[in-house]
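With the hints as constraints, model all of the structure from the sequences given.
Which chain is which? The protein sequence lines are A and B, in order. By the count of numbering that gives the first Met the number 0, the first sequence reaches residue 47 at its end, each step adding exactly one. By the count of numbering that gives the first Met the number 0, the second sequence reaches residue 83 at its end, each step adding exactly one.
Take the hints with a grain of salt, since some may be wrong.
[Claimed, not checked] A few chain B residues facing chain A, derived, Cβ under 10 Å:
1. K9
2. M12
3. L14
4. E15
5. A34
6. E79
Because the hints were derived from the structure by calculation, they are not lab data. The beta carbon of each residue, even a glycine, is placed where N, CA and C say it ideally should be.
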Amino acid sequence: MYSPNDQMRLARAYVPFQIYSERLNPMEGLMKGTIFPELYFPYREHKR
Amino acid sequence: MNREQLCQLKELMALEFTALELHLYLDTHPTDQRALMDYNSVVQQLTIARQRYQERYGPITYGEPSAYPWQWINEPWPWEICYE
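In structure tokens, the structure reads:
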């Protein structure tokens with residue numbers, strides 16, 4: 000285990016700023032759950 | 000609910016979702032002019048679509064006018080609709 004005295008830094012989170020470029024048409028957006036193509040990350044079936 | 004009504008209802012839901020998404024985006028990007036123009040255009044389409052739907056099929060939310068007889072109690076209820 001690391002002790003708190005080590006020169007370890009706390010975690011920091013970074014989120015890039017979204018820039019609007021294009022959007023899906025309303026029906027496609029509704030079905031996919033987002034109108035932003037860059038935010039569409041569907042879960043895929045996982046093979047074990 | 001006939002096919003025509005279902006089709007219009009889905010169109011309404013899709014426009015509402017797009018308006019909501021752009022709304023949320025604009026909350027964090029209030030100076031994005033293109034997104035704002037897009038939002039205003041979608042909201043305008045939504046207003047027209049909602050009015051057209053309600054004139055034909057009755058109110059979809061409270062605070063809306065109704066034809067006679069009182070249309071609010073008309074079936075199907077939202078959870079009874081087969082959206083497929």
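(message) Interface hint check: B/E15, Cβ to nearest Cβ on chain A, cutoff 10 Å. Holds or violated?
(response) 9 Å, holds
(request) Please verify that hint: B/K9, Cβ, nearest Cβ of chain A, below 10 Å or not. (result) 7 Å, holds
(request) Using Cβ atoms only, decide whether B/E79 comes closer than 10 Å to chain A, and label the hint accordingly. (result) 20 Å, violated
(message) Please check whether B/L14 passes as an interface residue: C-beta within 10 Å of a C-beta belonging to chain A.
(response) 5 Å, holds
(request) Would you settle whether the hint for B/M12 is holds or violated, based on the nearest Cβ-Cβ distance to chain A being less than 10 Å? (result) 6 Å, holds
(request) Under 10 Å, Cβ to Cβ, is where B/A34 needs to be relative to chain A, so tell me if that hint holds or is violated. (result) 5 Å, holds
When the structure is compared with the earlier hints, a violation turns up for hint 6 alone.
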